[in-house]
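Full structure from sequences and hints, please.
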Amino acid sequence: MTLFLQAVADGLQMGLLYALVAVGLAIIWGLMEMINFAHGEFMMLGMFGAWGLSVWLGWDPLVSMVPIAILMYLLGVLVYRLLMQRVQRGEIFTQIFATVGLFFFIQNGVVALFTSDYRFIERSLLTGLSGANLTIGGLRIGIPLLVGGLIALALFLLLYLLIDRTDFGLAMQATAEDRDAAMLVGIRPQRMYAVAWGLGTALVAVAGVILANFFSVYPQAGLSFTVMAYAIVALGGFGSILGTLMAALVVGVVQSVTAAYLPPAFKDAFVFGSYILIGLFRPQGLFGRF
Amino acid sequence: MRILRLVIAIAVLSFVAVQLNPGARAAGPVTEVLIGELLPLTGNFASLGQQYLWAGQTVEDIVNNDYPDLQVPLGPGKGFSGLGGAKMTLVVRDDQSRGEQARTLAEQLITVNKVHWLNGEGTSGNTSIIQPLVDSYGIPMSCHACASPTLTDKGFKWFFRTGPNDRTMVASVFQFLKEWPSKGGPGDLKTIALFTCDNLFCQDNRKIAADLAEKGGYKIVADLTTKTGATTLASEVQRLQSANPDVLFFVQYPAETTVFQADARRAGYMPKVVATSNGAYSDQTWLTAQKANNGAVGWLGRDPTAIDLASKKPSWKKVNEIYKKYSRGQDMGELAMREITGMLWMADTINRAKSVEPAALAKAANETNMKPDQMIIDYKGIKFDANRQNELATGVVTQIGWDDEKHTIWPWDLATQAGFKTIFPSPSWQERESKTKK
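In order, the protein sequences belong to chains A and B.
If you're matching positions, the first sequence starts at 1 in our numbering and goes up one per residue.
If you're matching positions, the second sequence starts at 1 in our numbering and goes up one per residue.
Read the hints as simulated data drawn from the structure, not as lab findings.
Be careful, since some hints might not be right.
What the hints assert, rightly or not - Here are some of the chain B residues that sit facing chain A, going by a computed Cβ distance under 10 Å:
| # | residue |
| --- | --- |
| 1 | T226 |
| 2 | A230 |
| 3 | E236 |
| 4 | A280 |
| 5 | W286 |
| 6 | Q290 |
| 7 | K291 |
Unchecked claim - Computed footprint of chain B on chain A; a stretch qualifies when at least three of its residues, placed anywhere within it, have a C-beta under 8 Å from a C-beta of chain B:
| # | stretch |
| --- | --- |
| 8 | 105-112 |
| 9 | 212-225 |
| 10 | 264-278 |
As the list claims (entries may be wrong) - Computed far set for chain A versus chain B, every beta-carbon distance over 12 Å:
| # | residue |
| --- | --- |
| 11 | F97 |
| 12 | L155 |
| 13 | L159 |
| 14 | Q190 |
Built from N, CA and C at the ideal position, the CB exists for glycine as well.
Here it is as structure tokens:
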């Protein structure tokens, strides 16, 4: 029983980190319905930003999170204005190819600049706590992951309030649901999309900054998380921020419990199996509105 | 008219036949020897590919420039003396760590670029994909750092490997564990767990280790295979902790090893012995990063050479200086050493063949009998068996000390020269942390 409960606890902690990675995609893909295969590369840029500021300026990632988020917001807006705005009206394949191209451009650009070496943040508040645990009822909760998870929860709360409780968020949702109708009531769709790209990019970069404390930093670091993020957003339901959070927790727990009892190679198979199962009964995802 | 048509048809067919034959090139003296360097420079295995590329550039530099005091093949003198001073040129291609892309590029290198030798792909899995193709074209091919035994076991006629295979190297680890008690080591190591990733390299290691563990009288208490690219290994760590093996046989790449270390640290898990086989243990950047927190102190693993002893050789130092010109200042790790040794052997073979014709190259390669004093690595020499595997390639066992450097601990004669006191048991995370703070 302890094995099971510990696996659930580990899965929930990991799920919060997945949620942090997926939330940016939840806005760009889930809410605004634009494809972004370079999502993980923005996360990787966040990881490299945290590593660079740690090595060159001695900044703790928890501090560098703020300037990186601002810079990445601007980068997201720029990517939308220069690239995605132009391909948005075309076939969906155009968006796919544009973002796949962006994926290769960013990843290989980082390889050219920094080589493919693995890099590590050696000194930070969270890495300093890496052996520290909180024990509740015999279950171990790693403090660094807990802090990362709490940051994820805080960001989710802010985002939920922004999307569901402000005029600006409602304008975003209106743009996603019916762009032409939104224009009739004075909403500027291009601005909404640009902000969505900025927010999505900034959020996944923040995820990268947090993850850089736990994972090695290298140009290919984003891919595993991107695949997981797509499954999470689809599982949670398009357009639902809360759904993304719940789906991420489900994915974390399914992975963890599967690996505790079955050959670990099955754990991703069970994640995608869960997605297929839920898709059979709720094609719109757990909390999907569309 | 019929005769004219026949002549034209024969001419066209001859032209096509010549174009399809990779060995067919313009007659005349060779001025440039083309080496196809097919590597994973982007994608999942890019960190390996870049080391191989730097190694290749180092060898190209050594061959094409005059290093009078450098005692390695083609060190003194410019170009291939056996080919009238012809230069060596690398034709580099990136397969993005993808097997199907490697196959396409290998075919292009042979038929379009008309390389004289194909070196690559750098990973055993992708190399196994291109082997049949290269063999069918009949040009020499090598992958020196690929360690899967199956690459040479399949009996391809054109594939050569100078480096040791996993069978040799994993056997070194188990031989060390067997002999360790008689040298003052622990006599109570009875159980083992295998923790490996899921590709050809890892699975070959797992099979060899499982076989050797059984023969060595170990009870296998856990055998876990994980997917490459794992984002969490917390549950796997729990299972290992429950199984409580005396020895953990660990084969994972740097990214997954980092995930394992974080999860093991959180769980307070550290077995008595961590025995690795390549993967992170061979990655220079991972090794360097361990210095920050003593993360790998006490871990032992197989290596193709006693790196702490080899690095004292004058030729090693000189080659390392050249290597650093290309590696942005990074020292050669054991992977680079294996690759440089292999590519220098290839250059020597081409030089001895005095030709770039595939048959002449294969003959010279098969006749190889290179002595250890020509190498930067401490193989007993280079001489191929019937499957074109170097039968004189060796394996040693090293352990990471509190100075975060590798030290040779087996074979015993080299261990005596290295003068390192083996660490046992593997230090706990608390001990690592306390020594880091000091």
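Now the hints, each set against the structure:
{"no.": "1", "hint": "T226", "result": "holds, 5 Å"}
{"no.": "2", "hint": "A230", "result": "holds, 8 Å"}
{"no.": "3", "hint": "E236", "result": "holds, 5 Å"}
{"no.": "4", "hint": "A280", "result": "holds, 9 Å"}
{"no.": "5", "hint": "W286", "result": "holds, 6 Å"}
{"no.": "6", "hint": "Q290", "result": "holds, 9 Å"}
{"no.": "7", "hint": "K291", "result": "holds, 8 Å"}
{"no.": "8", "hint": "105-112", "result": "holds (count 3)"}
{"no.": "9", "hint": "212-225", "result": "holds (count 10)"}
{"no.": "10", "hint": "264-278", "result": "holds (count 4)"}
{"no.": "11", "hint": "F97", "result": "holds, 17 Å"}
{"no.": "12", "hint": "L155", "result": "holds, 19 Å"}
{"no.": "13", "hint": "L159", "result": "holds, 22 Å"}
{"no.": "14", "hint": "Q190", "result": "holds, 34 Å"}
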